[in-house]
Amino acid sequence: MELKDKLLSSYVAFENRVDTNSDIHEIRSKAFQNFEELGFPTKKLEAWKYTSLNSILKEDYSIFPNKGVAVELADVKKYFIHDIDTYKVVFIDGKYSPFLSETTHEHIDVCLMSAAFNKGKYKPIIDNYFNKVAKQDNLTSLNTAFATEGAFIHIPKNIEVEKPIQIINFTTGSEAATMLQPRSLVVVEENSHVQIIERHQSLTSNPVLTNAVTEIFAEKRAFVDYYKIQNDDNNASLVDNTYIEQQSNSVVSVHTFSFGGNITRNNLNFYQKGEYIDSILKGITIIEGKQHVDHHTLVHHITPNCESHQDYKGIYDERSTAVFNGKVIVEKEAQKTNAYQQNNNVLVSDKATINAKPQLEIFADDVKCSHGCTIGQLDDDALFYMQQRGIPKKEGKALLMFAFANTVLESVKIPEVKQRITELIADKLKVKIGFDL
Amino acid sequence: MLKIENLQASIDDKSILKGLNLEVKAGEVHAIMGPNGAGKSTLANIIAGKEEYEVTNGTIELNGEDISELAPEERAHNGVFLSFQYPVEIPGVSVTNFIKTAINETRKAKGLEDMPAKDMLKMIREKSELLEIDRKFLSRSLNEGFSGGEKKRNEIFQMAMLEPKLAILDETDSGLDIDALRIVANGVNKLKSKDNAVIVITHYQRLLDYIVPDFVHVLHDGKIVKSGDASLALELEAKGYDWIKKELV
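Line by line, the protein sequences are chains A and B. Per our numbering, the first sequence starts with residue 1, numbered consecutively. Per our numbering, the second sequence starts with residue 1, numbered consecutively.
Hints in this document: simulated from the structure, not taken from any laboratory. Every residue gets a Cβ at the ideal spot worked out from N, C-alpha and C, and that includes glycine. Possibly wrong hints are sitting among the right ones.
[To be verified] Chain B residues, not near chain A, derived (Cβ > 12 Å throughout):
| no. | residue |
| --- | --- |
| 1 | K18 |
| 2 | V55 |
| 3 | N63 |
| 4 | K108 |
| 5 | G111 |
| 6 | D134 |
| 7 | S231 |
[Claimed, not checked] Simulated coverage check for chain A against chain B, where a stretch passes if three residues somewhere in it have a Cβ under 8 Å from a Cβ of chain B:
| no. | region |
| --- | --- |
| 8 | 193-207 |
| 9 | 370-383 |
Construct all of the structure, not just a fragment, from the sequences and the given hints.
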């Protein structure tokens, strides 16, 4: 059976498990109809021209993984940022793992969507925010249709959360193939600060398909610092849909580190709904083999006096393929916008491909918008220079690539995350050097 | 230390070195002079192992070992240092961390542990003082935005850090004002010992006032056509290269 048909036919079973007599389910049903109509995206859609999901939609995914599998902390510790204290919301095959998690309800709520959906005290938040910024496109609708579980983070006014929050989704391979659809909601009220680290990690070589949706709301003067670490198994694919709505004077930054996985598609969308907003989008992609990473970013400047800063660096080896599509829309009302976009790519192998497309739609006349896009190769003269000083070719290449990507790393505010990413890069480039540039 | 016999080399099928012989012993300073296009920089690059050049004949021995098949980094590990005529800019890598990596990779190749950070810092301080290099300079990206003089001083600083057996200075005097020239030459002289050797490649006699050579060779059309002592350089300065070309006819 095709995956779409399987999803459609399993909806009845899904409805038997959830409370269908609720506002949430009304949203779900509508989304379900939407997906039924739209189906999975194909290459005929402009936004999916260079990314085909065909190869991964053929698997016979288990949609509601049921068999519980125990995971030992020792086996998965390396996937956590474990050298600092953090809150943790951890899921194993889509189910909450109290054993690996550390949630809280003290002053702030770091807990589960299932709780937020079902408990009366969270109803105002859910009513106000759930599915309010998410686009109603095919895959987001699919996620919404089945939305039951994920991380729920609510930071009330005037709170600086004292430690980062980690959201981790593990897949164990208890099923031959697993499909996950985590749904998260992050609401940061006025003057509050939070840092979040997110990871999807397969512990198996069985195929995994994750279709994640995260909505983030930053109210006035809120600060959100978000890190996505994507270094998954070669049989794990991810469609990551993130929607961010910002109010006046808020700052939201999202760093995406894409080093692994089979097919990774990042849909990162920012909507500016107030003045003096800063939106920061940064990414490092280092891939090889037949890996594919697609970054589709959108910054929608709707209001005046706001800024956006994008910096994406990519390094592609072997037969890997990548896409960068950076769309910036500046509405007529959004005067004095300052939008900056930088996308630099290095093709290490002549078999690797990057499709880079900066896309600026500017309707205001008093704005500063710049974009720079480069595609190049490693400098042979620089390599010879390094070799002449005793640095072997492989290490020299790694050093050049690290230096190339370092502008993105410099803005990482959690030292332990920076250290971890540095190690992952060394690992990815198969060298044992510290890069303490 | 270095023994080159009948070296012939080409790039893109264009013959550049046409049977070059040169022997450099430990403790010696050799100057190689010659007109533009004679093959001076090619010789330097071939000794360092640049891959674009094809060695078609002849041998390059360093301390009795044929190095002509070794990778550039292996030659560096064996003690070959080339001060580049045009040092490459490497954005994002600081001078300090570049030299740290270079030293530790060289130590790794010799089966040694990384140099302790304390020793490294001490050495960096000493050698940067020798070359009159400001500490702030060391945290800048390698060669990026450096003036000509800063680039050359940085080359000699790296040479001081790496303590090579054979140092080849390829037009180290070009782009230097007189003060920088003196600092660089002074650095080279202080690093000279009976155990290492220096080859100075230059157009002009000027640098040789400061780094006094034991031997001067004239390279012309891919061969060494004349050798002599330091006085040969003065003669070249006075008469130019034409008289040598005439002598050859």
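Hint check results:
{"no.": "1", "hint": "K18", "in the structure": "24 Å, holds"}
{"no.": "2", "hint": "V55", "in the structure": "16 Å, holds"}
{"no.": "3", "hint": "N63", "in the structure": "17 Å, holds"}
{"no.": "4", "hint": "K108", "in the structure": "9 Å, violated"}
{"no.": "5", "hint": "G111", "in the structure": "14 Å, holds"}
{"no.": "6", "hint": "D134", "in the structure": "19 Å, holds"}
{"no.": "7", "hint": "S231", "in the structure": "33 Å, holds"}
{"no.": "8", "hint": "193-207", "in the structure": "violated (count 0)"}
{"no.": "9", "hint": "370-383", "in the structure": "holds (count 3)"}
The structure shown violates the earlier hints numbered 4, 8.
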